[in-house]
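Trainee: Need the complex rebuilt from these two chains, each delivered in its own frame; the hints are there to steer you.
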Amino acid sequence: MITIGIWIAAGLTLCIYSFLYKDNPFYKFAESFYVGISAGYWLIYTYAYVIQPMLIEPIRNRGEFVLLIPAFFGLIMLSRWVPKIAWLSRWSIAFMVGIGAGLGVTGYIQGFLIPQIQATILPITGFNITSLNNLIIIVGVITTLLYFYFSKEHKGILGWTSRIGITFIMIAFGASFGYTVMARISLLIGRFYFLIYDWIIPIFG
Amino acid sequence: MIKGKGIPLAISFLTGTIIIIAFFIPHAPFGSFEEISLRWYSIIAGFTMLLGVDSLLRLHTNKIKRKENHWAYSIVLLFGFLLIVIVGIISTIRYGNAFLTGSGFMYMYDNMIIPLQSTMFSLLAFFIASAAYRAFRARNFDATLLLITAIIVMFGRVPISEMISPKIPIFTEWIMSVPQMAAKRGIIIGIALGAIGVSLRIILGIERSYLS
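Chains A and B, in that order, are what the protein sequence lines are.
Counting in my numbering, the first sequence runs from 1 upward without gaps.
Counting in my numbering, the second sequence runs from 206 upward without gaps.
Everything labelled a hint here was simulated from the structure, so no lab data went into it.
Check before you lean on any hint, since a few could be wrong.
Facing chain B, a subset of chain A residues (Cβ under 7 angstroms, in silico) [what the hints assert, rightly or not]: (1) GLY5; (2) TYR21; (3) PHE33; (4) VAL35; (5) ALA39; (6) MET77; (7) SER92; (8) ILE99; (9) TYR108; (10) LEU132; (11) ILE137; (12) LEU145; (13) TYR149; (14) PHE150; (15) PHE168.
Nothing here was measured: the structure is a model prediction, and the numbers come from that model.
All residues carry an ideal CB built from backbone N, CA and C; glycine is no exception.
This is chain B alone, in the form it adopts within the complex (with noise of 0.2 angstroms):
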């Protein structure tokens, strides 16, 4: 009994309908649930933080172990996760706040972190040109549209394009917050109905596939 989903569905359903109340009812004692209930989710999200770290290095430790297809790059991630993790607590202690300018953390977030993180993105404006070339072959209307209006937001967003024409911004801009914005407020609409749905679901008990 104990080890089946009835109590797990009884937390769900109690934590979620008092967050519903809270919402109707800002007063006491709901009125600061939904505030406590964020913070408290917050610090149980923190302790996942250890399980995701343990299987990354449980994977990468098994891999050295069996010598597997490039162990050797195991080490290194290994490596550059213990050199980050020594110098966190090390700036900790002496900083109070690994967070500090100046900190042996920080020098290794400004040092690595953003240059790995800024390139591996700008890395993609190559590979997008092969994917745009596949997605934009204007094999039919759609396609077509996709392309065009692909291209007029690219054009419009550099400075030649209102060295060409001053309209053309303009233009880019009307695309922006006219059709592309009618079209984006209805999925965003369509995605908040379903996440309601959804959300109604879970509290009710009928979706259950988070407990298997």
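Extracted from the complex, chain A is given alone in its bound form (with noise of 0.2 angstroms):
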């Protein structure tokens, strides 16, 4: 069985790798199983983690008919597919807006936005690098918060101080461009790896 699914593995990632030279028929059926597989795959986990324990268990072992709620609210959103009764389903949509809308005030409040400005504050305390690696992060992090203030014109001051900005949001995508080639790169290589050290060699000896 283990031979089996090296052969399956390794055929679907030359599958996908095939688009290298131009779109196939082979990687077309790779993608298509790929979407097909994915969706099943999160239908059996919806029911695995989410309905089994947080709803079905607690209802039959524990009587927590109160759940019986959230089920109502999740079955009329099914409402959508009988289009007389599809106004029902904005009451879920509503539910889950608003607890997605509280939690966006408190949640980015106190997950986001306190710690980031704490993590900013930072102690300056004379001529060393320490202070000064402190004060680019605060004048970084002012800077392109007002390259993004977009109610007054960019000039003048705010024109100098957007421009450094900008500068400094250069530097993080071109970072963050590269760390993510890298992480692509890593996942080739690991590919590579199992073609090399998982299926030719102990294969084909």
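Mentor: Okay, structure coming up:
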């Protein structure tokens, strides 16, 4: 079974890499198969990790009938299938959006805004490397924020500061791009490692 | 009246407000509301999965019925979907959980989904080179800065850079932790402010586009 699995994985890997030559039926086959199998995977995942442990088990084993409320909202979400009662799905959407918005306010304040501001309020204690780095971070954060301030034309002081801001943004984008490229290269090495050491060498010697 | 936007707006207002209140009053009856609503959110989101899957299957079934261009690949898609769902159901019945090591479902995950997923992403390593050529042409100061930073970061992440000079990886680390971090932090603060603003607009019923 392990050998068959390796052959399937190697075949699908080669099908995808065949796209490097040009778009072809092998690639299209693997691509369509990937979409289908992923959709099926997430369906089973949702049942195994959401519906079963969060809804079915608590109702069946612990009698938590209050969970029939989200189940009701979930079911009326499916009313989109029946055009006559499709308006009911708005209730479920509103419920989800409301929760998302509530968490958006509290979560972003607590999880992003305050910690990021806290981390930016750094000490500058004389002429040393740490202070210089801290100064660069403070200037970088403020000027980046000013670059995204569009309520006033970027002229004069705002023009200069936003100019510094875009410099920081370009450095960040360049660094992120380089980082992403290296991550993709790592994946590529991983796939070639699999093809050579798990498939070619053990099977063909 | 019942079909209008009144009830959905009231639901959004109530759920959003209660979550905010629960944040500031972490005691009964609000204390556990955030946890409960997150659980409820997951359950409702679970049902939306069915809508997504239905949409995908309907699209491809129609493609096959109408014999549209490349309809044969829609059969492959449906085959892949049915195969993993059937194996998933059998694995759930047999093992109690399809995600147990050794189940047929995990066999398909390990030998089909993982290779396909990582190969798809690794394919970008090739195409990113042509994208880089277009994006990195040193036409002005900003593009040059982007180009130089990307090259330094890429170079600093491979062992040869340390062999040339041990200062290169240190410099790369400095770029990541100082100027890159500063801009990233600025962007995150901007996103947070934007998200808070949109959330408040939704709770107060000013933003209604999600109901259309």
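Trainee: Grab the minimum C-beta distance from MET77/A to chain B and call the hint holds if it beats 7 angstroms, violated otherwise.
Mentor: holds, 5 angstroms
Trainee: Report holds or violated for the interface hint on LEU132/A, using the least CB-CB distance to chain B and a cut-off of 7 angstroms.
Mentor: Status violated, d = 9 angstroms.
Trainee: Taking the closest Cβ pair, is LEU145/A under 7 angstroms from chain B?
Mentor: holds, 5 angstroms
Trainee: Once the shortest beta carbon distance from TYR149/A to chain B is found, is it less than 7 angstroms?
Mentor: Status violated, d = 9 angstroms.
Trainee: So, SER92/A near chain B? Judge it on the closest CB pair being under 7 angstroms.
Mentor: holds, 6 angstroms
Trainee: Holds or violated: the hint that PHE150/A contacts chain B, with Cβ atoms closer than 7 angstroms.
Mentor: violated, 11 angstroms
Trainee: Just to be careful: measuring from the Cβ of PHE33/A to every Cβ in chain B, is the smallest value less than 7 angstroms?
Mentor: Hint holds; PHE33/A Cβ to chain B Cβ min 4 angstroms, cut 7 angstroms.
Trainee: Does the closest beta carbon of chain B sit nearer than 7 angstroms to the beta carbon of ALA39/A?
Mentor: Cβ of ALA39/A sits 5 angstroms from chain B, so the hint holds.
Trainee: Quick one, is the ILE137/A hint okay against chain B at 7 angstroms, beta carbons?
Mentor: Nearest chain B Cβ about 5 angstroms off; hint holds.
Trainee: Would you settle whether the hint for VAL35/A is holds or violated, based on the nearest Cβ-Cβ distance to chain B being less than 7 angstroms?
Mentor: Given a least distance of 5 angstroms, the restraint on VAL35/A holds.
Trainee: Is the hint on GLY5/A kept, meaning its closest Cβ partner in chain B is under 7 angstroms away?
Mentor: holds, 4 angstroms
Trainee: Can you verify the interface hint for TYR21/A: is its Cβ closer than 7 angstroms to any Cβ in chain B?
Mentor: Cβ of TYR21/A sits 11 angstroms from chain B, so the hint is violated.
Hints 2, 10, 13 and 14 from the earlier list are contradicted by this structure; the remaining hints agree with it.
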